[in-house]
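Undergrad: Build the full structure now, drawing on both the sequences and the hints.
If you want the building blocks of each chain, they are given just below.
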Amino acid sequence: MQDHIIIARDVWLTFGRGATEVSVLRGADLTVDTGCTLAITGPSGSGKSTMLMVLGGLERADRGEVMVAGQDMMALSEDELTAFRGRQLGIVFQSFHLIPTMTALENVAVPLEIGKVANARDMARAELAAVGLSDRANHYPAELSGGEQQRVAIARALAPRPSLLLADEPTGNLDEETGNEIADLMFAAARERKQTMILVTHDLELARRCDSVLRVSDGRLHEASETGVAA
Amino acid sequence: MPLAFKFALREMRGGLRGFYVFLACIALGTGTIAAVNSLAYGLTDGIRAEGQSLLGGDVSFSLIHRQASAAEESFLRERGNVSVAATLRAMARTGDGGQTLVELKGVDAAYPLYGEGVLLSGRGLQTALGGGGERTPAVVEDTLLETAGLSVGDPISLGRLEAQIVDVIEREPDRLSGGIGFGPRVMIPIDALERSGLVGTGSLVRWRYRLSGFEGPLDDGSLAGLVAEANGAFPSAGWRVETRTEAAPGLRRSIDRFAQFLTLVGLTSLAVGGVGVANAVRAYLARKRGTIATLRSLGAPGRLVFATYFTQIVLLALAGIAVGLVIGAAAPPLAGMFLADLLPVSGLFSLFPGALALAALYGLMTAVAFAIWPLGAAYTVKPTALFRDDPQIGKRAIGGPIFWATAIAIGLLAGLAILAAYDRWVAMIYVAGAGAIFLLLRVVAQLIVAGARALPRSRSTVVRLAVANIHRRGALTPTVTLSLGLSLTLLVTLSLVDGNLRSTLTSRLPAEAPSFFFVDIQDREKAGFLERLAVIAPGAEVQSQPMLRGRIVALNGIASVDWPETEASWVLRGDRGITYAAVPPGESEIVAGEWWPANGPDGNEVSFAAELAGELGIGVGDTVRVNVLGREMDATVSNLRTVEWESLSINFVMMFSPNVFAGAPHAHLATLTFPGGGDEAAELAVLKEVSETFPTITAIRVKDALETVNGVVSDLALAIRAAAAVTLIASVLVLAGTLAASHRARIYDAVILKTLGARRRTLVAAFALEYMLLALAAALFGIIAGVVAARFIAVDLMELSFVFLPWTAVGAVATAVVVTVGLGLIGTWRALGEQPARVLRAL
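Top to bottom, those sequences are chains H and U. So the number in our numbering is just where the residue sits in the first sequence, counting from 1, plus 3. So the number in our numbering is just where the residue sits in the second sequence, counting from 1, plus 8.
Quick caveat, the hints were computed from the structure, so don't treat them as lab data. It cannot be assumed that every hint is accurate.
[Unchecked claim] Here are a few chain H residues that face chain U, going by a calculated C-beta distance under 8 Å:
#1 M56
#2 D82
#3 E109
#4 P114
#5 E116
#6 M126
[What the hints assert, rightly or not] One-sided excerpt, in silico: chain U residues whose CB lies under 7 Å from chain H:
#7 L11
#8 E80
#9 S305
#10 G307
[Claimed, not checked] Using 35 Å as the maximum straight-line C-alpha spacing, the simulated DSBU-like pairs for lysine-lysine come out as follows:
#11 U:K711 with U:K696
#12 U:K696 with U:K534
#13 U:K534 with U:K711
#14 U:K14 with H:K197
#15 H:K197 with H:K119
#16 H:K119 with U:K14
Think of the CB as a built atom: it goes at the ideal place given N, C-alpha and C, for glycine as much as any other residue.
TA: Pasting the structure below:
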């Protein structure tokens with residue numbers, strides 16, 4: 004196993020042109036050890052979600068170096084990035100982003116089916132059971148509560164056994180109690196599967212549960228001194 | 009099951025919201041094409057199946073002016089059962105002094121060889137015509153009873169024949185072999201024709217000898233043998249030979265042409281529907297942006313996402329096509345019920361897989377051609393859409409493969425439209441025209457947007473809002489301009505063609521047009537007749553001309569049937585009226601060559617109508633061989649002259665030098681023209697006097713004849729309008745769909761503005777102004793493009809003159825504005841009346 008699952012150096016990213024130009028990332032650096040958990044915090048618009056997207060290959064940096072799981076993300080084509088994401092990354096969103104026309108089970112099975120896994124439905128059923136939703140397998144997202152939807156989303160992210168789990172404000176749309184349950188679930192899964200997990204969050208309580216916390220400001224990542232955790 | 013198909017089926021659980029217009033457009037277009045082609049196939053099948061009864065035999069030998077010679081007739085009678093029928097136009101006079109032009113037919117005892125003549129009373133035709141009595145029995149069509157106020161049992165006079173109506177014809181099996189009738193049918197025994205005095209030298213009588221085998225129908229081989237033998241034995245008979253396999257060729261040609269025209273109308277509705285397809289797909293993908301981005305973030309490659317949505321579109325298109333095919337399959341039997349009296353409908357009561365397959369192919373290819381481009385957006389949606397509203401979405405360049413796939417699909421659709429067409433040249437022009445209109449409308453939309461952007465900012469909130477709505481990102485301008493522009497182009501085109509067709513037939517009757525054509529004037533009565541006309545219509549201009557009928561057998565030694573197909577091929581097909589003259593007609597101008605000397609040329613010479621000669625590809629010095637009265641004669645084209653067919657005066661394609669027909673028996677044709685046009689009373693007085701004094705001369709009143717033609721044209725126009733209505737429904741659906749697609753965003757904007765203090769009246773006025781500006785711009789385009797298209801159809805295809813009808817255009821503009829503003833404001837008005845918070849929550 005490698006020591007560092009993520010190595011990002013001098014990452015720059017600018018949106019828009021001319022008057023509307025905004026430099027979101029300005030030479031950001033980040034190194035993440037395999038198997039650890041990291042929280043990225045910062046005010047709205049600071050670029051924390053953008054950093055997550057760059058790490059997930061959802062956004063391409065203008066320049067800099069981004070290595071994830073030993074793969075140079077800058078060298079991959081759009082289709083190669085997609086395939087890489089399907090194999091190595093699990094993503095959990097604030098708004099769940101379940102496909103409304105598919106049942107909970109089908110939603111969890113999607114990445115496995117895309118990855119041409121033979122027993123996709125059985126594996127999906129097992130993942131749903133792991134998040135405690137066996138009895139909701141045939142329900143559509145609209146028939147599930149917010150917390151249940153996020154559990155399905157977590158099961159979906161974990162199903163392909165990714166080496167890296169990225170989560171963007173995973174508890175942002177949930178009440179405190181449900182949010183805590185979801186956080187427990189994610190941390191337990193990361194621990195059991197020895198997965199690396201990166202969270203973007205405003206929630207300092209949630210951030211403190213991570214091995215390390217970084218704060219985005221001025222387009223760079225800084226140690227979050229108030230947490231006492233070193234990057 | 010392929011993954012894309014699996015995902016597509018799952019996605020379709022979401023229902024058909026946003027796809028009703030899509031389905032309706034595909035169903036309507038496919039249905040129209042399926043119905044039109046099924047009808048054409050069915051009618052053609054019917055003609056083939058009923059060929060024998062339509063023709064009246066396995067084979068028909070028809071002669072004009074003369075009966076078959078004894079040798080010819082015995083030749084035929086040795087080879088099968090023969091039935092002889094003679095048809096001509098004549099005046100039927102009633103006891104109260106009325107007179108009506110009728111299509112008279114004399115039939116023998118063997119008539120009909122095939123099919124059955126049905127009479128109202130239910131008794132047999134031969135029984136009715138074989139009845140004895142003082143007067144000759146006649147069976148008539150009910151229109152004669154209606155127009156002349158007659159009933160069964162009443163006497164009528166035909167020439168010098170006293171007849172009595174004994175029954176009413178319900179069905180005449182070979183009715184269609186006679187072409188358009190200018191009057192109701194009257195049928196009498198053929199031997200009575202001799203007594204009528206209507207059959208004289210050179211009378212316009214067509215004698216038909218129909219033949220069937222002694223022991224049932226002749227097979228194709230013996231039929232071909234018989235025709236070859238007959239033509240070999242009597243090479244100069246000049247008869248027209250038709251076999252059952254080619255019965256009613258004119259009708260079949262008309263059906264083919266009409267089907268092609270209606271197919272083009274159907275294709276137009278598909279093309280308009282295609283805009284609806286594209287709009288629906290674009291709106292659907294916009295709604296599915298989240299799902300697509302999710303799939304992409306989970307590792308789905310672009311091609312899988314594209315395949316998933318492409319599969320859905322194809323499945324939906326197949327559903328629309330299925331509905332269209334049901335409509336198409338139901339049309340022939342339904343039409344059969346209504347057309348039973350007019351056309352051979354026996355073929356209509358079945359399915360026409362070929363026609364349905366063609367329609368399905370058109371439907372599918374339209375859906376694909378119009379869906380691929382907007383589906384290309386599936387490639388451009390990136391997973392980042394899940395995190396933020398990406399302004400670049402929809403602006404990213406769609407890749408080369410999508411462009412080429414679209415180009416190939418459109419190319420295939422155009423190719424199919426051209427290949428499947430009856431007249432490929434017309435289809436090519438149609439495809440090019442449709443393509444040009446699509447491109448131009450895009451340019452127009454861009455100009456409108458650019459124009460709105462360049463306008464100075466108005467102080468009026470209403471104007472400012474309206475103008476901003478026209479040029480803002482995601483504005484309705486391109487789609488509304490396209491759907492409305494297409495519908496208006498169509499509306500203006502069809503209205504102008506319709507209007508010009510009607511005005512050509514009605515108002516273009518020239519003031520100097522004759523009131524009457526008199527045919528079958530015998531030599532011996534010509535002088536007396538002309539004198540009488542001078543007495544009963546003093547001041548009227550009378551022209552008379554010798555009149556023969558003959559066929560062009562060959563041009564420059566090449567048989568007519570082998571002459572290359574041209575616009576003027578009709579001249580070579582049937583009998584033509586021909587005449588001779590020593591001097592050129594006053595209204596004609598000699599445009600090539602010279603008229604023969606007054607004392608006659610040395611050889612046989614002919615003057616040909618210049619325009620037709622040009623189309624046929626002949627000129628001065630070429631030879632024309634005609635068969636008249638069983639004699640073949642060659643004549644050299646010595647000059648070409650202009651002919652004003654629209655003047656309705658006596659016009660002939662060919663005028664021969666007098667020496668060609670010296671001694672040939674013939675009758676005369678005369679016209680009578682009242683100065684400044686005749687009034688009803690004067691014309692009826694002439695009609696009455698002529699038919700009483702000269703019972704064997706047939707008077708054709710031009711106004712009545714035109715009315716008959718108008719009736720036929722009106723029926724055709726009705727069919728065109730019905731098909732056009734389908735297209736207009738498709739365009740209104742597309743427009744409604746376009747406006748509905750933006751409805752939510754529109755209400756959202758409106759409610760936000762209302763929250764900020766904008767009054768309902770202000771917002772509605774702004775929206776109405778926006779829709780009105782778009783409608784006016786589209787209307788302007790529609791009028792220009794419609795006039796160009798209508799002019800092309802009227803002048804180049806239908807050979808009519810073209811007049812711009814401003815009120816028709818104004819009507820189209822008004823319709824466009826009312827429909828667009830009306831559809832646009834539906835819903836918005838109601839939503840604005842409610843509390844903002846409630847509306848926002850519901851959105």
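Undergrad: With reference to the structure, classify each hint as holding or not holding.
TA: Cross-check of the supplied hints:
A cut of 8 Å between beta carbons decides the hint on H:M56: the least distance to chain U is about 6 Å, and the hint holds. Taken as an interface hint, H:D82 checks out: its beta carbon lies about 5 Å from the nearest beta carbon of chain U, inside 8 Å. Interface restraint check: H:E109 against chain U, minimum CB-CB distance 6 Å, threshold 8 Å, status holds. For H:P114, the interface hint holds, since its Cβ comes within 8 Å of a Cβ in chain U; the closest pair sits about 4 Å apart.
The beta carbon of H:E116 is positioned within 8 Å of a beta carbon in chain U (closest approach about 6 Å), and the interface hint is therefore held. For H:M126, the interface hint is violated, the least distance from its beta-carbon to any beta-carbon of chain U being 14 Å, above 8 Å. At its closest, the beta carbon of U:L11 sits 6 Å from a beta carbon of chain H; the interface hint therefore holds under the 7 Å criterion. Among the interface hints, the one on U:E80 is violated; its C-beta lies about 79 Å from the nearest C-beta in chain H, farther than the 7 Å criterion.
Satisfaction of the interface hint for U:S305 is found here, the shortest Cβ-Cβ separation to chain H being roughly 6 Å, below the 7 Å cut-off. Given the 7 Å rule on beta carbons, the hint for U:G307 holds: about 2 Å separates it from the nearest Cβ of chain H. Annotation: proposed proximity of U:K711 to U:K696 holds, straight-line Cα distance about 16 Å (limit 35 Å). At most 35 Å may separate the alpha-carbon atoms for a hinted pair to count; U:K696 and U:K534 meet this at roughly 18 Å.
A C-alpha spacing of about 24 Å is found between U:K534 and U:K711, which places the hinted pair at or below 35 Å, so the restraint holds. With a C-alpha separation of about 33 Å, the suggested pairing of U:K14 with H:K197 holds against the 35 Å cut-off. A C-alpha spacing of about 24 Å is found between H:K197 and H:K119, which places the hinted pair at or below 35 Å, so the restraint holds. Taken as a hint, the H:K119 and U:K14 pair is honoured in the structure, with Cα atoms around 13 Å apart against an allowance of 35 Å.
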